[in-house]
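Go ahead and model the full structure; you've got the sequences and the hints to work with.
Here is how the chains run, residue by residue.
Number of protein chains: 2
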Amino acid sequence: MSKHLERELERLREQLISQFTLVEQMIQLAVRSLVERRPEFAERVLESDVTVDEMDVRIEEECLKVLALHQPVAFDMRYLIAIDKVNGELERMGDTACNIAERAKALCLFPLFTVPEELSEMVDTSIKMVRRALDSFINCDANMANQVIEMDDIVDALNRVVIDHLQEVMKSDRELIEPAMHCFSASRHLERIGDLAESVCEEVIYLVEGEIVRHKHGLNREAERKAESNAS
Amino acid sequence: MSKHLERELERLREQLISQFTLVEQMIQLAVRSLVERRPEFAERVLESDVTVDEMDVRIEEECLKVLALHQPVAFDMRYLIAIDKVNGELERMGDTACNIAERAKALCLFPLFTVPEELSEMVDTSIKMVRRALDSFINCDANMANQVIEMDDIVDALNRVVIDHLQEVMKSDRELIEPAMHCFSASRHLERIGDLAESVCEEVIYLVEGEIVRHKHGLNREAERKAESNAS
Numbered sequence: 001m002s003k004h005l006e007r008e009l010e011r012l013r014e015q016l017i018s019q020f021t022l023v024e025q026m027i028q029l030a031v032r033s034l035v036e037r038r039p040e041f042a043e044r045v046l047e048s049d050v051t052v053d054e055m056d057v058r059i060e061e062e063c064l065k066v067l068a069l070h071q072p073v074a075f076d077m078r079y080l081i082a083i084d085k086v087n088g089e090l091e092r093m094g095d096t097a098c099n100i101a102e103r104a105k106a107l108c109l110f111p112l113f114t115v116p117e118e119l120s121e122m123v124d125t126s127i128k129m130v131r132r133a134l135d136s137f138i139n140c141d142a143n144m145a146n147q148v149i150e151m152d153d154i155v156d157a158l159n160r161v162v163i164d165h166l167q168e169v170m171k172s173d174r175e176l177i178e179p180a181m182h183c184f185s186a187s188r189h190l191e192r193i194g195d196l197a198e199s200v201c202e203e204v205i206y207l208v209e210g211e212i213v214r215h216k217h218g219l220n221r222e223a224e225r226k227a228e229s230n231a232s
Numbered sequence: 001m002s003k004h005l006e007r008e009l010e011r012l013r014e015q016l017i018s019q020f021t022l023v024e025q026m027i028q029l030a031v032r033s034l035v036e037r038r039p040e041f042a043e044r045v046l047e048s049d050v051t052v053d054e055m056d057v058r059i060e061e062e063c064l065k066v067l068a069l070h071q072p073v074a075f076d077m078r079y080l081i082a083i084d085k086v087n088g089e090l091e092r093m094g095d096t097a098c099n100i101a102e103r104a105k106a107l108c109l110f111p112l113f114t115v116p117e118e119l120s121e122m123v124d125t126s127i128k129m130v131r132r133a134l135d136s137f138i139n140c141d142a143n144m145a146n147q148v149i150e151m152d153d154i155v156d157a158l159n160r161v162v163i164d165h166l167q168e169v170m171k172s173d174r175e176l177i178e179p180a181m182h183c184f185s186a187s188r189h190l191e192r193i194g195d196l197a198e199s200v201c202e203e204v205i206y207l208v209e210g211e212i213v214r215h216k217h218g219l220n221r222e223a224e225r226k227a228e229s230n231a232s
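Just so you know, the protein sequences line up as chains A and B, in that order. Just so we're aligned: the first sequence equals residues 1 to 232 in UniProt numbering. Just so we're aligned: the second sequence equals residues 1 to 232 in UniProt numbering.
Hints in this document: simulated from the structure, not taken from any laboratory. Be a bit skeptical, because a hint or two may be false.
Since the list gives no way to pick out one identical chain from another, each pair is judged satisfied if it fits inside one copy or across any two copies.
Below, in silico cross-link-like pairs of lysine-lysine (BS3-like), each with a Cα-Cα straight-line distance of 30 Å or less [claimed, not checked]:
#	residue 1	residue 2
1	K171	K3
2	K65	K3
3	K128	K3
4	K216	K65
Here's what the structure looks like:
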């Protein structure tokens with residue numbers, strides 16, 4: 001690999017890690033805003049989105065420039081493509097953090113509504129997934145990536161518990177229907193962050209092993225479907 | 001461009017169009033299942049997902065192979081990257097069609113629940129977006145791509161109307177809370193299909209004009225946020 005290409009890849013890698021760190025902070029802050037009822041945290045998340053969007057475009061442009069200029073091969077090419085794709089997943093995660101922040105702001109208007117406890121557990125697991133997805137990318141660690149992928153089942157299961165809980169709350173008091181809907185959306189967004197962390201890990205596995213593992217891991221298709229069909 | 005590269009790009013283009021057509025059919029069928037209460041349509045959607053997943057992996061593998069083997073430059077490189085990315089969006093659309101199909105199946109268990117009329121309107125607009133996104137890709141038509149991007153505001157607005165409607169239904173009768181939640185999810189999934197069609201169109205614009213338009217079009221950020229904050 002030429003020294004120049006090496007430098008470019010290193011620079012892109014650093015930019016991606018910064019993006020990862022920012023997005024992780026946004027998710028943390030968005031869920032704190034939700035659980036602790038702090039609308040000012042939600043505002044900070046929404047403000048950060050501009051930076052994520054700018055970095056998203058910059059990283060993508062640089063990936064394409066490096067690809068065109070250096071025409072890397074083998075692992076370097078895969079690495080570049082992985083950076084570009086992980087960058088896309090991070091931008092979606094940032095958007096999803098903003099969606100949670102919006103729900104958090106809306107929920108602050110309903111002081112009588114209590115966020116289900118299982119949601120906090122879901123928060124912990126999702127954030128762990130994002131953090132470990134970053135570690136697996138930094139260390140090109142396919143084992144850790146596989147572990148993250150398995151964690152997604154926990155998030156999905158917790159999401160179903162949260163949804164059942166929310167339905168009971170709605171049935172108990174019609175005044176709680178609107179805040180429960182906001183909470184339901186927040187829970188779905190959190191579940192989606194787990195899915196996006198899983199996508200990042202699939203890219204890591206592709207990078208390390210050269211095999212596309214999407215649609216392969218986990219339960220068989222029928223079992224997956226049944227599990228999903230209980231979650232809305 | 002070498003004859004060989006030309007042939008490979010043409011073959012990939014054809015595969016992508018097939019994938020587009022299949023995914024569009026899945027969306028059509030999923031929403032028919034939802035609106036006409038036909039669980040057998042939902043089953044057909046879920047069965048098609050295997051094919052979409054297989055094609056997704058095949059197209060991605062071939063894109064990377066062509067990239068490594070032919071090292072295309074300028075428009076050809078952008079075209080190849082666009083195929084790879086649009087392929088990713090299509091796979092997500094297929095998954096989202098499956099999500100709608102699951103909600104449709106669940107809704108069939110509640111014969112007393114009526115799907116809001118605005119949802120049918122949302123269906124029409126989303127499907128139009130997907131179809132025109134395909135046309136804009138086939139014809140490399142950035143104008144049409146821009147029109148599709150503008151249509152997304154209509155889908156978002158309809159989604160908000162559907163959500164308000166569903167909240168009223170839930171408040172009127174607690175027995176309708178569960179089916180209304182399924183319908184709420186279906187509406188969100190449909191809105192997401194609009195977003196994915198928008199992403200495809202952003203790729204088309206990048207392909208034609210060489211400029212990344214993500215995060216640029218439409219209203220200004222503050223106005224966008226306000227619009228979103230009413231939708232869950």
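Going through the hints against the structure:
Taking the shortest alpha-carbon separations for K171 and K3, neither the intra-copy value of 64 Å nor the inter-copy value of 65 Å comes in at or below 30 Å. Taking the shortest alpha-carbon separations for K65 and K3, both the intra-copy value of 16 Å and the inter-copy value of 25 Å come in at or below 30 Å. In this assembly of identical chains, the alpha carbons of K128 and K3 never lie at most 30 Å apart, being 35 Å within a copy and 49 Å across copies at closest. In this homomeric assembly, K216 and K65 come within 30 Å of each other (Cα to Cα) only across copies, at 21 Å, whereas the closest approach inside a single copy is 32 Å.
The structure is inconsistent with the numbered hints 1, 3, although it conforms to all the rest.
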